[in-house]
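Dock chain B against the given chain A, drawing on the hints supplied.
So the protein lines, in turn, are chains A and B. Numbering follows this note's numbering, with no gaps: position 123 of the first sequence is 123. Position in the second sequence counted from 1, then plus 255, gives you this note's numbering.
In case anyone wonders, no lab produced these hints; they're calculated from the structure. Everything numeric in this text was worked out from a predicted model, so none of it was measured. Backbone N, C-alpha and C fix where the C-beta goes; we use that ideal spot for every residue, glycine too. Check each hint, because a few of them may be wrong.
Unchecked claim - Ranges of calculated distance between the beta carbons of each label pair, as one might list FRET restraints:
1) Arg226(A) <-> Gln626(B): 50 to 60 Å
2) Asp581(B) <-> Thr137(A): 45 to 55 Å
3) Tyr555(B) <-> Asn42(A): 53 to 63 Å
4) Thr19(A) <-> Ser322(B): 50 to 60 Å
5) Ala316(B) <-> Tyr207(A): 53 to 63 Å
6) Gln626(B) <-> Tyr92(A): 27 to 37 Å
7) Glu635(B) <-> Gln230(A): 27 to 37 Å
8) Lys124(A) <-> Glu623(B): 47 to 57 Å
9) Pro57(A) <-> Glu635(B): 30 to 40 Å
10) Ile119(A) <-> Pro346(B): 54 to 64 Å
11) Ser322(B) <-> Ser77(A): 45 to 55 Å
12) Ala316(B) <-> Gly114(A): 44 to 54 Å
13) Arg226(A) <-> Tyr555(B): 53 to 63 Å
14) Glu128(A) <-> Gln626(B): 26 to 36 Å
Said to hold, decoys possible - Chain B regions said to be covered by chain A (calculated; three or more residues, Cβ under 8 Å):
15) 589–598
16) 613–621
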Amino acid sequence: MSVLEIKNLHVNVETDQGTREILRGVDLTINEGEIHAVMGPNGSGKSTLAYTIAGHPKYTVVEGEILLDGENVLEMSVDERARAGLFLAMQYPVEIPGVTVTNFLRTAKTAIDGQAPSIRSWVKDVRESMGNLRMDTAFAERNVNEGFSGGEKKRNEILQLELLKPRFAVLDETDSGLDVDALKVVSEGVNRAKANTGLGILLITHYTRILRYIKPDFVHVFVAGRIAEQGGPELADRLEEEGYDRYHVAEPAAQ
Amino acid sequence: MTVATQSTAMPTAEQHGFRPHSDGPIVPVQTRSERFRSTAVADFAPVTGREHEWKYSPVAAFADLTSGELDGARLEVTSTDAAGVALSWIPREDERIGTAGLPEDRAAANAWSTFGEALLVAVTGEDAKTVTVTRSGLGSAPRAAHTVIEAAPNSRALVVLRGTGDARLAENVEIVVGEGANLTVVSLQEWTDESVHLASHFARIARDAKLKHIVVSLGGKVVRVNPSTHLAEQGGDVEALGLYFSDAGQHLEQQVFVHHDAPHTRSRVTYKGALQGEGARSVWIGDVLIGNAATGTDSYEQNRNLVLTDGTRADSVPNLEIETGDIEGAGHASATGRFDDEQLFYLQARGIPEDEARRLVVRGFLAEVVQQIGDAELEERLMSALEAELQGS
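Excised from the complex, chain A in its bound form (with noise of 0.2 Å):
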């Protein structure tokens, strides 16, 4: 049964103004199987949380810790992360020219392996879940996220989660942007992921949209960088009712 831990975790960012302290004493247990929902209004901290776990040079860790089955993930390149079962999809995938999706998929199951796979099942492992994802095949051939529109970048990513078949996804907002027949499709891959790999997902988002398709398991309500509540399912449903208001939170202009 793995694990991922995170405890009191406190991370800085270095922006042209200075150090801004961003997390403040995260504490949070993911199990296997299980779904997480981090909601929060903006500026909150959600997107540093998934970005600090999958280890971006950006964000700076200042205490706490993150373990994966016990051991220290914050020890890891971002590469090594990838390697021990972390996935990270990112809300605003980057274009990667000269790389084709097919060359890219190859290589990075290749690298999270150890060894490249069978070519045979692979093909049919990759034709499969692009056609349940309702990917067209030509997307294949064309460079990585180039060109894409939104929703495809989005379902390029639960692509990769099918395909790479990690431990735990940390889903950063993947609603957003996406029209409600490109919000299903991306839905059904995660669950279908989750029910094929038992799989354990933090799933990061604004909005309670998503949750009608991923039912989650814990909600954790994000303010100022802390959990300011958390409970199961019902408190999701309380959120599309009353907002973030109640948290007595302005929200910002941007993040």
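For chain B alone, coordinates are given in the frame of chain A:
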């Protein structure tokens, strides 16, 4: 992040500060085909670096080649053997010399004025064949050379013109492609770090002939290869490809000119380059002229640059000039993109280690050109050479 431009063709008269008179015509811009040309170095003014053909080049680094005295003796040349390809030295007076084109800059004219004999690579026979002509260890004194590659009608071959070791070389290469011939010429620059190489290639494509011209520049302090192709007869076809990897302190330049001068001619120009390290520079100028006679022309040119580190500079200037409205298509594109930390993070977040991530991106980017060479052995060797360039960071 990718910055793409789909820029307009020639600068307009207004951009030059000309304004039409209220009672007169617009001052015309000189067309590309009217550019001054001469084989005599004295016909060109000394190079200052302000001339349009030199303004992107580090002219002080090779003043000896543009205005100094050059050694015109035969180059040290070795070649592989292939049936149907014959090498010989021909005198300056040979009637083939000057049939493909004439110098448009002072370095080319200086080389033309001083070479002793020209190397003739004569291709005959319809069977496919490959020959590699290597110029190696030319030394550090300034030299001039002239080469004529002549493909007989309906002949077929791949000719690799390779440079290794030291060189300070100004040269002209004429490529004469006979009717129905199918010729590939690869100009492969793998000179040492201190070398300077200024080359002008002139190709003349006869009726229904095809030239694939590939410039691969990897080694050398300053390498400037300017290929100019004259699609002189109907049905001619040129694919002009280029590949360069500019390291710290390296200047790799190519000014490509395609002149559509007959009906139903086709051209595709694709140059791709990577830049890595402080002071790594590349220059690409792509001029395409579709002349009045060139009805039914199909043309497209593009340049793509991949910037791997800070401190580099890529200049990319596509120009398209069209004198007839009756064409199939003409387009151009230029894009210079950066391999940045966010891309690295993305690939690493999928388990791919940093060095492999870099290799993946550059290999994918440049392989598109390498794969079009059509010689498996050379393609493989170039891919390893590119790997070595990447390791050198």
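Query raised in the report: In this structure, is the beta-carbon distance linking Asp581(B) and Thr137(A) contained in 45 to 55 Å?
Result: violated, 38 Å
Query raised in the report: Is it true that the C-beta distance of Gln626(B) to Tyr92(A) lies inside 27 to 37 Å, as the hint says?
Result: With Cβ atoms ~32 Å apart, the hint holds.
Query raised in the report: Okay, Arg226(A) versus Tyr555(B) on CB: inside 53 to 63 Å?
Result: holds, 57 Å
**Report entry** Distance restraint hint 27 to 37 Å, applied to the beta-carbon atoms of Glu635(B) and Gln230(A)
**Finding:** For Glu635(B) and Gln230(A) the Cβ distance comes to about 58 Å; the hint is violated.
Query raised in the report: Okay, Tyr555(B) versus Asn42(A) on CB: inside 53 to 63 Å?
Result: This hint is violated: roughly 45 Å between Cβ atoms.
Query raised in the report: Honestly, do Lys124(A) and Glu623(B) meet the 47 to 57 Å range at C-beta?
Result: violated, 27 Å
Query raised in the report: Holds or violated: 54 to 64 Å for the Cβ distance of Ile119(A) and Pro346(B)?
Result: holds, 59 Å
Query raised in the report: When you take the CB atoms of Pro57(A) and Glu635(B), is the distance between them in 30 to 40 Å?
Result: holds, 36 Å
Query raised in the report: Counting residues of the stretch 589–598 of chain B with a beta carbon closer than 8 Å to any beta carbon of chain A, are there 3 or more?
Result: Holds, because 5 residues of the stretch 589–598 of chain B bring their Cβ atoms closer than 8 Å to Cβ atoms of chain A.
Requested in this report: Using the beta carbons of Ser322(B) and Ser77(A), state whether their distance is inside 45 to 55 Å or not.
Outcome: 54 Å Cβ-Cβ, so the 45 to 55 Å window holds.
Query raised in the report: Quick one: are Ala316(B) and Gly114(A) within 44 to 54 Å, going by C-beta?
Result: holds, 48 Å
Requested in this report: Report holds or violated for chain A covering the stretch 613–621 of chain B, Cβ cut-off 8 Å, minimum 3 residues.
Outcome: Holds, because 7 residues of the stretch 613–621 of chain B bring their Cβ atoms closer than 8 Å to Cβ atoms of chain A.
This entry does not satisfy hints 2, 3, 7 and 8, going by the numbered hints stated previously.
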